[in-house]
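S.K.: For reference, the chains in residue letters:
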Amino acid sequence: MKPRSFVKAICAVAFFMGLFNLPLSAENSILLKNGRIITVSGGTISGGDILIQGTKIAKVGKDLSGPAGTQVIDLNGRWVMPGIIDSHSHIALEGDVNEMGDLITAEVDCRDVINPNDINIFYALTGGVTSIHTMHGSANPIGGKGIVLKLRWGKSARELIFEGAPLTSKWALGENPKQSNASGMGRARYPKTRMGVEMAIRDQFEKAKDYQKQWAEYERKARAARDSKGKIAPPLPPKKDFRLETIADILSGKLWVRCHAYQSEEMLSIMRLCREYGVKLVCFEHGLEGYRITNELVEYGVAVSTFADSWAYKWEAYNTMPHAAALCAKRGVLVALNSDDAERMRHLFNEAAKTVRFGGVSEDEAIRMLTINPAKILGIDQWVGTIEPGKDADLTVFSQHPLDSFTVCEMTLVDGTIYFDRARYLEERKKAEDEEKKKQKEPEKKKGGEV
Amino acid sequence: MKKITRLAAAIWVSSAALFAGMEPAALFIKNATIVPVVGEKIENGSILVRDGKIQAVGKDLQAPAEAKVIDASGLFVYPGFIDSYSHFGLAEIGAIPSTTDYREMGKENPELRVAWAINPHSVHFGTGRVTGTTTALVAPAGGTFPGISALIKMDGWTFPEMAVKEVATSFINFPMTPRPPREGVAAQKEAAEEVTSKLVEKIRDYLKEARRYLELKRLAASDPSVKPPETNAKYEALGPVLEGNLPVIISVEKAKDIELAIKFVQEEKLKAIFRGCAQGYKVAEKIKEAGIPVIIDSLYVGPSEPEDGYDAPYRNVVELAKAGVLISFSSGDDPAQGKDLPYHAAKAVAFGLPHDEALRALTINPAKIFGVDNRLGSIEKGKDADLIIATGDPLDIRTEVKQLIINGRTIDMSNWWETLYQKFKGRPEK
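Just so you know, the protein sequences line up as chains A and B, in that order. Residue numbers in the first sequence follow our numbering, run continuously in steps of one, and reach 472 at the last position. Residue numbers in the second sequence follow our numbering, run continuously in steps of one, and reach 484 at the last position.
Among these hints, one or two may not hold up.
[As the list claims (entries may be wrong)] Simulated crosslink set (DSSO-like; lysine-lysine; CA at most 27 Å straight-line):
#, chain 1, residue 1, chain 2, residue 2
1, B, Lys479, A, Lys452
2, A, Lys460, B, Lys122
3, B, Lys340, A, Lys458
4, B, Lys271, A, Lys451
5, A, Lys460, B, Lys310
6, A, Lys462, B, Lys342
7, A, Lys462, B, Lys122
8, A, Lys458, B, Lys243
9, A, Lys335, B, Lys479
10, B, Lys484, A, Lys462
11, A, Lys462, B, Lys376
12, A, Lys460, B, Lys95
13, B, Lys484, A, Lys397
14, A, Lys452, B, Lys340
15, B, Lys325, B, Lys281
16, B, Lys484, A, Lys351
No wet-lab data here; the hints were simulated from the structure.
Please model the complete structure; the sequences and the hints are all you need to start from.
M.R.: Rendered as C-alpha cells:
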C-alpha cells in the first residue's frame, strides 16, 4: 500500500465510522448550561441547565451546578430536546429483514441479526435520534419479531439492545402481504386479497390455541404421571413449534403487536379480529388512512406510527394527505412520526415541522410525536421521551428550534455519553483533510528535488 | 378555417377564464413585503400585473380602477419557484406502471419528448404547487439518452398552454464508476475506472455516428450525387445538441466521473448542465472553470460514499456555490414529493449556504440555466407574473403559501389533500 493511500484509508475509515466522536467517559458528570430546554413533560425552560450524572438526568432547572470535576458544556442558548425516538425503522440489521420464504414467519427474530456496524446508526445520531424500533419487513400477515435499540454507536450488538423494552411482533395487511407490487416468485403466493390476509391471521390464532391446548393437556398428563409415582407412564411431549409458540405469545400479550396497514377498512377489520381473540394491537404502522377512523382508533386505544407526508408511491398510499398525522393527533389518537428509511431518520425533526404546516398541530405536539409518543408506543416511556430527573440522559442539541428549517443537530447524547459532537467532528475532519493535502504535496516536492 | 379556429380558441379562453374565476385584466397586490430576488427588498410595496406580465413594482403605485386588488398586509411576495428537475405530469402512483410515463425501455431514446405525454391534470400539480413552485422542468429518465424535457408552468388546461419551452433540454446519463473497492486493491479500482472510460467511449461513438449522419445529410442536400441517409429520428434529435444549441443535462455524481464529464463536454463541444454532482465539492473549481451549471438533486439523501462525511450532500451545495458555480434546486424523482423543493434549499442554508443564494437557486439561477431569465426568475417589470404570496420565508417549512399567481392568474390553492382534509375534518367526533 502506498503511504498516501494508507493515510487516506485511515482518515476514511475514521470518518466513515464517526470515530472522531468516540464516546467520552460516562463516569463523570456533565452539566449542560444555558440552553433552551424543550422538556416535553414540563414546558420549555429558557436559560436552563441539565445536570447529568452517570447515565441519568439528575437535575433540570436554572443555575445548576455539579459536583467537582463536572464537565460543563455551555449551550449558549441553543435548543435541547429529548433524543428522538424512531418507532419504525429497519436499520442496524444484517441483510434483508423481509422473510418472504413463507406466508407466516412469526418466529424469526431481529435480535439474531443486529448489525452494530451499520453506518446508519451514526447518521441517525447526527439527526438527533437516540433510540429506534427496528423491525422485520412487511411481506407477511404475521412477520418476525422486532426490537428496540439504543444507538450506542461503537458498542456490540448485545449492548445496543434497549434493556426492558418489550419485544414486538410485526404484522402486515394490504398490498405487501398480498404481494400486489411484487415480481417473480412472490406473485403466486396466497393471499391475493385483503380477505385472504385477514384469514391467514385468524388461522394462526386457531392453530396457536390448539397448540396451547396440546401443551396444557400434556402438562396435565405429565403431572398425573408424576403424581401416580410410576403407575402411569409419562406422556410424550407434543412437537415444539417455534412459530405457534410465538403466536401463543401474541395471544397472551407477551409480544406487542405492530400492524402495518394503510387502508381504513383493513384497520377496522383487524381491530375487530383482535377484539374477538383478546389480542392487544399496540400500533398501526403507516396507517395513512387512520385519519378516517379516528373515533374507532381512539375507542380501541391503538396508536398510529406514520410518515409526515410520504404518499402516492402505491395505490393504498394514495388516499391521504400531510394533514393526516395532525388530524389524528387532534382527535386524540397517539401519533408517532417515524422514518422507515435510513435517510429520513436523520431529518425527522424536519418531518415534524411539516405536521405543523399541514394540519396545524402545535410545535409542542409535533415534538411529542418524535419523543414521548413513540416512547409510549414502544413501552419505554418510563426511561426516555422527556427531559426529567431520573430519566436516561438521551438528549440532542440543535442550533435553532428543532422545527426551524435552518436548524442543525449539533450534539447527541445517549446515556449521558456524547456520541455525536458536530464541532468536534468538523475540527477533526479539517485536521485530517489538511493532513491529506500535505501528503499529496509531499511527493511532488520530492520529484522536484530529484530533477 | 382560420376563423373557426380562432372562434374556438376564443370560446376556450373565455371558458378557461370562467373556471379561473373570470380573471380581470389587471391585478394589484398591495402592502406587501416584496423580495424580488433581483433588486432590493421592498417594504410595504405593490405590484401591478397586466395581461399576465408584471407591469410595475414599487412603493408608491396606484391601483387602476379595473384591477382586482389583493391586500397582502403582513404577507411576503417572492417570484415563483422553478423546479429544475421533476416528473410532474408523467407519474401518478409510483408502483403502478399504468400511471407512469417517464421511463422508456432501451438505452438510446434522444428523440422522445415529454411534451407528448404530460398530463396537465395530474394530481401532483396541485400538491406540488403548495410551497410555491410555479415552473418545472419535466424530465424523462432511464437509459443513456432518456429524451427531451419540457419547461412548463404548473398550471394550464393543456400542455401547449403550460409550455414555456416545449423542447428545453436533452439528457445524457453519464456512466458511474462503481464505489472503489477497499484501499490496496488498486488493480480493481483501475479496472472499474477503465470500464467507465469505455462506457464514455461508447457514448462518444454514438455521437460520432449521429454527426456522420447529419454531415451526410447536409452533403446530400447540396450534392445530388450523394445518397441521403435513411431518416433516423434519434440522430436528428441529437442535431441541436451537437450544434450546441440545445442544452444537455448530464447526470453525473462522483468526482472522477465529473472530471471525465467535463472533458467529454469540452471535446464534444456541448452546452452542458450537470445534474446531481454528489461529489461536486471535490472538483468545484473545475466545474466553475468549465462554466457548467449544476442542478442539485433532492437533499433528503445520504452521502454518496460514507467517506465523504455525513453532511456531504449539504456541504456539496455550499462549496459549489462558494466556488461560483451556478446552482439550482430540484425536487428529484418523485412528483408526489414535489412540494419539498424549498425544503431542500433550506437544508443547504442550515449547513451554510447563504439564504440569498438559496433563493436565487430556486428562481433566477434556473431561469438563467434554462435560458428564460428574460421571462422568469425575479419580480421585475416585463417578466411573467409568477408570484408567491406567503406568510413568511417560503424556505421555512412552517410558512404557508397563501396564494400563487401564475401568468397573472390567481391559482386555486385547493388540491387532493385539501379535498380529503375538508371531508374528513367534517366527520363528527364521538
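S.K.: Please flag the earlier hints that this structure goes against, numbers listed from lowest up.
M.R.: Failing hints, ascending: 1, 2, 4, 7, 10, 12 and 15.
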